[in-house]
Amino acid sequence: MMTYDPVVYSRILTGLTLGFHIIFATIGVGVPVMIAIAEFLGIKLKDPYYTLLARRWARGFVITVAVGVVTGTSIGLQLNLLWPSFMQIAGQAIALPLFLETFAFFFEAIFLGIYLYTWDRFRNPWTHFSLALPVIIGSSASAFFITVVNAFMNTPQGFKLSGRTIVDIDPLVAMFNPATPTKTAHVLSSAYMTSAFVLAAAAAVSLLAGRKHIYYRKALKLTMLAGLIFSLLTAFIGDLSGKFLAEYQPEKLAAAEWHFETTARASLVVGGVLTENQEVRYGLKLPYALSILAFGKPNAVVTGLNDIPADERPPLYIHYLFDVMVVIGSLLIVLCIGYILFSRKARAAKGQALPRWLLRCIAASGPLAMLAIECGWIFAEAGRQPWILRGYMRTEHGATTAAHVDWMLLLFSLLYMLLAVTVWAVLRKLFRTNTAEQEMISRGIEGGEPR
Amino acid sequence: MNIELIGITVLWLFLYGYLIVASIDFGAGFFSYYSMITGRKHLVHGIIERYLSPVWEVTNVFLIFFMVGMVGFFPDTAYYLGTGLLIPGSIAIVLLAIRGSYYAFSTYGAKDNPVYLLLYGSSGLFIPASLSIVLTISEGGYIEERGGQVVLQYGRLFTSPYAWSVVILSLVSILFISASFLTYYADKAKDYKAMEVLRGFAIGWSAPTILASLLVFFSIHAHSPWHFERMMELAWMFALSLLCFLVATYLIWQRKRLGVAFIMVMLQFAFAFFGYGAAHLPYILYPLVTIHASVTSPTMGVALIIAFIAGLLLLIPSLYLLMRLFLFSASYVQGKNGK
Ligand code: HDD
Ligand code: HEM
Ligand code: HEM
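These protein sequence lines are chains Z and X, in that order.
Residues in the first sequence are numbered consecutively from 9, following the working numbering.
Residues in the second sequence are numbered consecutively from 81, following the working numbering.
Chain X with its partners taken away, still in its complex shape:
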């Protein structure tokens, strides 16, 4: 493998990691708020809080990592996306800032302040919508270079069916991923009342997820035929994704093996995400930036890869420790030993 392929794979892996952990996080915020206003807060809030409290900062780092890695491995993207994305990027930052800080305020500081809960519950849904714009833009046709100026065509973006289908997909998949994880978590905690509520959410959001995926398929076909064709060459990945989805939904429906069900959900998104990404190559930003032309110098590339491996050696044991203490520790999950 050459440096650019290693680089983009690493980045895509981290983006996938972010997709999963952030979905759990954002969805949980939303469910937490939703169940508060529908008067079911006592049922699910404890579960959600016990999982989220120790890990929320880790979620954020996945995103930072992706961003910094992108500039490191492919410096040209900084130039194009940086200039083009000023406004959507800034809005995403503000949302992330509100979400992160109000989460902390309402969890550690002013407990149960409804305004704080609203701020962090709702911002979680807008963040994916605004971040998904980056994926939309990377399909090409929205950024133009005119006389040395990089300009984002807002008119075209906001009237594009493709852009909206991606936004819808990002919203429903967040709720689906999150609900299926929390169902599993509640089941582990032997909190069956919470589990039933969350299972209801998971089942409810399963069909919309698949419908939204189909919608994205069709709109990619209309918007970027080149990408659609290459995705068809990788059709097996999308078929596997669908299969995983069916298994997951079946298991959740049957209340059986919820851990496996969640792994299936993760695989469902992994296949689809990597299929989508692999078909997108070699373009990062169609047609302006390819991984080959924009990759950093070999010396820096090698240095980054070495740093990455060294970093992983440090992180994997630490993440394992975190999961063992909070995710797989039955007594913690059940709330038997508190803070």
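Just chain Z, with the same shape it has in the complex:
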């Protein structure tokens, strides 16, 4: 039997809660953007299909928001319960963005309530559309602020530590630390991207199930184009994140790349396995690529792990997580381009449908993007180890000393399982019992000839 160690259980429980929350948080950040785009197109092009799309997405969105809210509440409380010593310090230095985040939530919550219940209340459709903007601002701002807190954990600054007390605090310097720009930008763009693919996957599943209505093809087109733009943006910012790591957290990059010796012209390894004496086998080696990722120059010098004190090295498994994220990101860009080419062809030869294998790939794109989010986060968080506040506080010193964290882990695992199962069942029921076709008829927008 394992001896009881509250630190280990606290880490697992934090990872579990965050890993569950991030699914709904990502949807919460990205889907309002997609809803707004669809509503905008619907009004602009006077195309009721886009408006219906916005309505139906919004209806599913409420359900996921609910789970986002409750799991977010759960993290908020859990951070205090599981990491009291860390929060005592963090509370002093980085309370500002946490505080601002709640305002952003508040703002979002108010306007989401208004948005959902006022579809038919205003004569001018733009009035209703304008209510989506505060929802987007609120959710993206809350993602921004919470990510600032996380950025601070990676590159803390704006305070001095003397013993257990913190002095010389500058909240703004702490907020705008070196990790903030790339981290927040990457988190936001990847949330928009993932939401686009999740919705694309839903449309693809309907098309695969034999639904032929133009409504679904419009949904697919909109989401895939948005997906392309956001995934290019995500890859670009991801590259900037690599450059940030090379400069400020070289140990994370080195561990992610299994880069042991500090060298110039470093090559990047994809996949592979590590032998006992730190040799990489079976990996795909891309010469110069690591130097380019890190500094944008093929012969730049990249710090290796051997130059990092042994007890400050992150775990090496994060290599795989990084690879999965990057490979998914690249494949999804290819998928969007493929979709565009095939739909051109389909349009040229009238009436021809998209190939089923392509639709199957699109159906997989939503879950894959979500997987990339999970991998990205575990990579970023595990890659910060052994620190909870890099350079200041080790993870084991931030954790609670309380008994029974293991039981709490069990309790929350059950809770999340229950929530996951019900949310799935409810969403299925919601869209099955009132299909888009039925809704078009009841709203009198049938006659669906292609425009």
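None of these hints come from the bench; they were simulated from the model.
Warning: the hint list may mix true and false statements.
Said to hold, decoys possible - Just a few of them, taken from the derived set where beta-carbon distance is under 7 Å, the chain Z residues facing chain X:
| id | residue |
| --- | --- |
| 1 | V75 |
| 2 | L104 |
| 3 | L106 |
| 4 | F111 |
| 5 | I118 |
| 6 | T408 |
| 7 | M416 |
| 8 | L427 |
| 9 | T430 |
As the list claims (entries may be wrong) - Sample of chain Z residues with no beta-carbon within 12 Å of chain X, all distances over it, derived:
| id | residue |
| --- | --- |
| 10 | T155 |
| 11 | L292 |
| 12 | L366 |
Where is the CB? At the ideal position from N, CA and C, for every residue including glycine.
We have chain Z already, so just place chain X with the ligands on it with the hints.
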């Protein structure tokens, strides 16, 4: 005013806000379920749903705000309460999670699933009970620091008459606050059948509320004489609270001016809550944490206060809009324009 006093006042205001909106919410969930099993669902369910649907997420934010603000203004509380409250805190989280999500599931998704209704109706009653433990603990005597370890004394907590009296008070006041608000709301909606049912609930829960408050008074006297003495210095606040209660009950009884009656209920709880809180100062957690020793640095304190003011400037107009659209819009309240 110094930073710690501003900070604790802001936090207490938000906790009060949570007390009111959450009570309405929790009580409504309970009444909704109760009237379903007693076969009166058709009478009150519509009213309850129309009010709750647009606002439930806002309720939750009050709590988050309080929690985050607490850690921001008084970081030491994170350490003591965080360590001590692992189990009750986690249970409260689970209840909140079940309540919030099953509310949404049953309102937006699977309409009228009785299991979902039961889950959210009953969890609403347990949440206040588990959250009220925090107030109980803050009286001191339940948390001990032993060899650098902060430990919550469960045995002492669960056998404490004071703890139980607070739990009882939290339960009955929720039902009372909620019923008096919904009576007013139903009256505005001109749904007189629902109004009669809800008025019955409000009257029924009024006497227990006052009895439970007296019970808490006596048990504070026994448990924390220091606190009781300071409350006596603020006796006028509690007297006003009682007066507001009497006016409210009278109005509800007479079916007159139900809006004023609800404001009186709010004032009743405001006086009692602020009287209780003011008497508790300077302690946050007696005797371990005071607002003076645990307050954050002045720079952060000022930054938080500026952020707070800026935030309010944004929120107050938005909340006003929300209320105008859903609370004070006669046609919405009466269900004339739907979703
Ligand atoms: C759909 C999701 C997704 C996709 C396709 C990518 N990323 Fe990513 N990545 C994330 C989602 C994500 C994330 C979940 O948002 C992370 C975790 C923590 C963070 O700041 O963002 C992240 C972190 C993250 C980090 C660590 C940042 C840090 O710890 O400060 C780097 C270096 C990259 N990414 C690089 C890339 C590159 C070069 C990609 C090339 C395509 C890429 N990511 C695609
Ligand atoms: C306020 C911001 C955050 C705080 C205070 C925080 C705190 C922590 C802590 C204390 C740990 C335990 C240390 C460890 O085991 O690695 C951890 C791990 C983890 N966090 Fe974060 N985190 C934050 C942001 C996030 C976010 C936004 C996510 C995204 C979902 C996330 C995902 C994870 C994951 C997946 C782990 C487990 C990593 C592992 O197993 O090593 N974190 N976080
Ligand atoms: C340590 C990390 C995190 C904490 C403490 C946290 C906290 C919270 C809390 C308390 C809520 C509920 C707010 C409410 O009642 O409305 C929430 C919901 C939400 N969170 Fe998180 N969160 C974390 C990570 C993240 C991340 C990384 C993102 C975005 C990338 C995010 C985005 C959201 C969004 C958008 C919501 C609103 C619910 C929705 O619209 O779906 N959160 N979070």
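Next on the checklist: Checking each numbered hint in turn, tell me which of them this model violates, lowest number first.
Outcome noted: The structure conflicts with no hint, since it agrees with every one listed earlier.
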